[in-house]
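Working from the sequences, and respecting the hints, build out all of it.
There are 2 protein chains.
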Amino acid sequence: MTNSTLANSEQRTKKNVSIIPLGGLGEFGLNMMVYETEDDIIVIDTGFMLPNADMPGVDLIFPDIHYLVERKEKVRGILLTHGHEDHIGALFYVLRQLDVPVYGTQLTLAIASGRLREYNVLGKAQLNTIAPGDTVELGDFSAEFIHVTHSIPDSVAVALRTPIGVIVHTGDFKFDATPIDGKLSDIQTLARLGSEGVQLLVSDSTNAERLGQTPSERSIYDTIDNIFQRTEQKLFLCTFSSSLHRIQQFIDLANIHRRLIAVSGRSLINNVRTASELGYLNLNPDYLIDARDASMFKPHEVVILSTGSQGEPRSAMSLMALDNHPFLKVEQGDTVVISARIIPGNEKAIGNVVNHLIRRGAKIYHERNANVHVSGHGSTEDLKLMLNLLQPKFFMPMHGEYQNLVRHAELAESVGIPSDNIKVAEDGELIRLTPETCEVFGREGRSGRVLVDGKPEIELEDIVLRDRIQLSEEGILVPIVVLHSDTGDSNQQSAVSSQQEDIVTDKTLATTTQSTDSQQPTADNSSKTGLNAGQIEIISRGFVYMDKSEELIEEAKEITRNVIENLSDEQKHETETVQDEVRGALRRFFSKQMQRSPLIFPVVMRV
Amino acid sequence: MTNSTLANSEQRTKKNVSIIPLGGLGEFGLNMMVYETEDDIIVIDTGFMLPNADMPGVDLIFPDIHYLVERKEKVRGILLTHGHEDHIGALFYVLRQLDVPVYGTQLTLAIASGRLREYNVLGKAQLNTIAPGDTVELGDFSAEFIHVTHSIPDSVAVALRTPIGVIVHTGDFKFDATPIDGKLSDIQTLARLGSEGVQLLVSDSTNAERLGQTPSERSIYDTIDNIFQRTEQKLFLCTFSSSLHRIQQFIDLANIHRRLIAVSGRSLINNVRTASELGYLNLNPDYLIDARDASMFKPHEVVILSTGSQGEPRSAMSLMALDNHPFLKVEQGDTVVISARIIPGNEKAIGNVVNHLIRRGAKIYHERNANVHVSGHGSTEDLKLMLNLLQPKFFMPMHGEYQNLVRHAELAESVGIPSDNIKVAEDGELIRLTPETCEVFGREGRSGRVLVDGKPEIELEDIVLRDRIQLSEEGILVPIVVLHSDTGDSNQQSAVSSQQEDIVTDKTLATTTQSTDSQQPTADNSSKTGLNAGQIEIISRGFVYMDKSEELIEEAKEITRNVIENLSDEQKHETETVQDEVRGALRRFFSKQMQRSPLIFPVVMRV
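Here the protein sequences come in this chain order: D and F. For the first sequence, the working numbering begins at 1 and goes up steadily by one. For the second sequence, the working numbering begins at 608 and goes up steadily by one.
No wet-lab data here; the hints were simulated from the structure. On a predicted model such as this, the values are computed, not experimentally measured, just so you know. Beta carbons are placed, not taken as given, at the ideal position from N, Cα and C, and that holds for glycine.
Some but not every residue of chain F turned toward chain D, in silico, with C-beta under 7 Å:
id, residue
1, ASN659
2, PRO951
3, GLY952
4, GLU954
5, LYS955
6, ARG966
7, GLU1008
8, VAL1013
9, VAL1071
10, SER1079
11, MET1212
12, VAL1214
Here you go:
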């Protein structure tokens, strides 16, 4: 630390620091942490999250950043710890709303730039490349970047010097003693910080439930080598496009076993190109072939690197499993290695892909039956080592579901951090750090998640998502009622009748009935005109198979007609009343007849 | 074997046996196997399956039993191997369509009777209790029941003597050397059958991917004992209602640790009662309390047995996690043990429950962090032992996804079954067994799955399910067009206009517009009356938040109006044409504006 920053530190000593997790504390993904003093805000990471199966039609989830937008003049910068989407994937979304400088290592910014370009925010983005060891001054904060090992190169932790002491924010990390790129976690700097005194450690809890130390990335090498040796036909190696250490090992083994390398999948192609150009991948371009040409070589002459490890429906791997890929084919004697974590929630999708690949005669290796994957996140002993190196006064676990955070808190207690000094916080809580205390002192009302559908993205309101879930479980039913003014020509009835055949066009969807209204219009001399139910139609989707349910629907129409006829003329003029009465009657009918409750949404048309 | 059955066997030697898996070969659950000769059919097991998250609104899945219904006069009986729902859950559904005798052990039939009673088929059901060792003659088949160990007592394998030799159908099994009820798998009978010669073995593949031997059910006892010792407040033990060996251990430990036992969950209460009455559970009723009274005792005086291990939303465990249970409460210092398999696909739901329970201060044990669950299915060494005991000529794996069946086939090959004699078949295939061959010789077209929604159950057509999935991903949009005959009174327009405010009743759902049709009706003297677009309304659900999308919807209405105005009078009379044109135009509009494709279902009303 230079003298000037020391002096600066002294000026700040009377201030507090607020910490506001906008994402990643209570879930995996969506990582985003805000550190704030009276005058300044910095943000570490801007991640997104992919939706679960219980969020139909949601494509992406972003943290809600109202907190930052409302304080945009205070935000001094965004620091990125590494190039994984759960840490950088929301950057374009944030930069659209905040015009602030971004700091990250060369590889991290290179990967982030791809999406910024795609969403047209690269031009205005202020990207600042930093290297491990660099320090950046950002108002009340001074951020030092510390190299850590993870499944992607160029990952850093951040040591924040603040008015009330040092906060270390680990990002994702493990202690890999034999990293593929030879670059160790910077234990020396961490130890030095520990000696000098750390006020707060905020640390990765992803693997807090896994006992022991996470093995080195290198530990899978022999297994993959063995698979290369045993595979006589094509070999498919499937991993995340960002797992560059894994990809380096695949490349090295392909060279040893004299297989040409084909790369499939847009993100993988981009990352391999970017990482090669920047020197993060050691790849001889002479051994690279276009995946379209793979079939021109003998099966044992090629290895195909591919994405799709999570069974994503449009991925190369899923397409190949169904024999729908335009130029890649999995055949008898081929081997497929899924060298990635089977993420909870994706097991069914991955299982389906695996079943289909086996049907095509492929041999499949995945983390459940072979040592083909190792995590990039530290297990209990890595986490304890981080705690022991830094010996923080206060501790706050991040990155994980609540159970992981609690487990990490237990680990901290086991290495001697007093339980009162450990704060298990969740998204949207406001934590205040003073020289003597670290306390949750409130909630930020506007925190939460932004659900995004489609591209260009549309923010989905909760109500739309709730509707989708109810639609998917029960279907929808739309009764349409035409109310005729008394003044109308009664010949209209026959016109409707003559059209009946036309209206029933899509047998699975709609049935209709003509008006069988035998009542004479009642004379009505009040200020409102009398109204009578004319045509009644009921459409539905996702509820029952209409072809087989004609009787049911006819009955529902009769109920609708009766409801309307029993209304007073006054009530018939109140659309809301008509809707409520029809909805109520049909709800009771379907509930009694079928124990079912479709969404019922009556429409009243007047002529 | 008696002399009479031997003689019987000789008569049959010229016949073949067909094997038709109706469920359970290619998935977990839905287990149902048909064995058929020229004259006779027998069925082993009638299981159901619970749906995945990708089948919204589906409550149950049954095998398609058209094959049996079309041959109902040949069906001699249904044999049940044990009382798990994936083996007996579809019995009521099958018995509604087939009036045939059912054979099962005492406990199996007692459990099955519950659902039969619920669905009003118990009265007509012909239930025949058998015991291990019994033999039943069913036309060309003679079925001998053989005790096997599994997670539920009274489980059996079936040895079928057929015209062309013995088929052994294992059901679910493991070789537990120290079963809780002291009843070993009947290795002696299996060995004897092996010596005499087995033509075909059909064996459980559930755990074919797990190395080694499945530990004894007893192996979890010490861990649970330890948890009892360490728990100072309430203890919740959560398992499947059918895991009676597990429940016996819980009861024994509750007695040792002097805790009273409260049972929560309808199926668990029923099974505990049934099994106690029949002597399959050793339970002193004096130690049983009503779960409603649990709060009257001190926390350390009670243990609560509960269902909900899979995070089912309406289960006691889920309700407690959200503090919504009417009388049970999880509090600081309580312990919850999830003593069950975390079934793939349920991980997210279970994780959510666990997170909430931890938030309430409970300590949680589950199979990932403690030895609190052991499988009831044999692993590789159990499966090899079964193969070696029986030394079958032919082998066919059952119960599992394709990958499990293939893995089991590999195991069979590893113990010396020639690969040509191993048949990996799937649901709906017809396998023919002769003295010399075992071959797939066709497919049964009508096999498949029946998706059931609600109660009383309604069969869901695929099209309804597809609609639901599309509804959930994209939402629905219903444009409603009123076409006026030319003869109509133009004053109708103002009537519609005056109602506009009424029609917009539910802001999130509907917007409407009055007709702004400024064109004069064109004179039309053709045989058809001229039609003009009057009121146009667009409703949608699950698509966009209507409140924020007024402009978009207004634009969509204008497009609809333009489409109709550009149609010829002839076309306007063709409802299908109007629908197609409106659907096409709106589809293009939303695709271009939003890259979205909601279900669009136009309705045309004529007055």
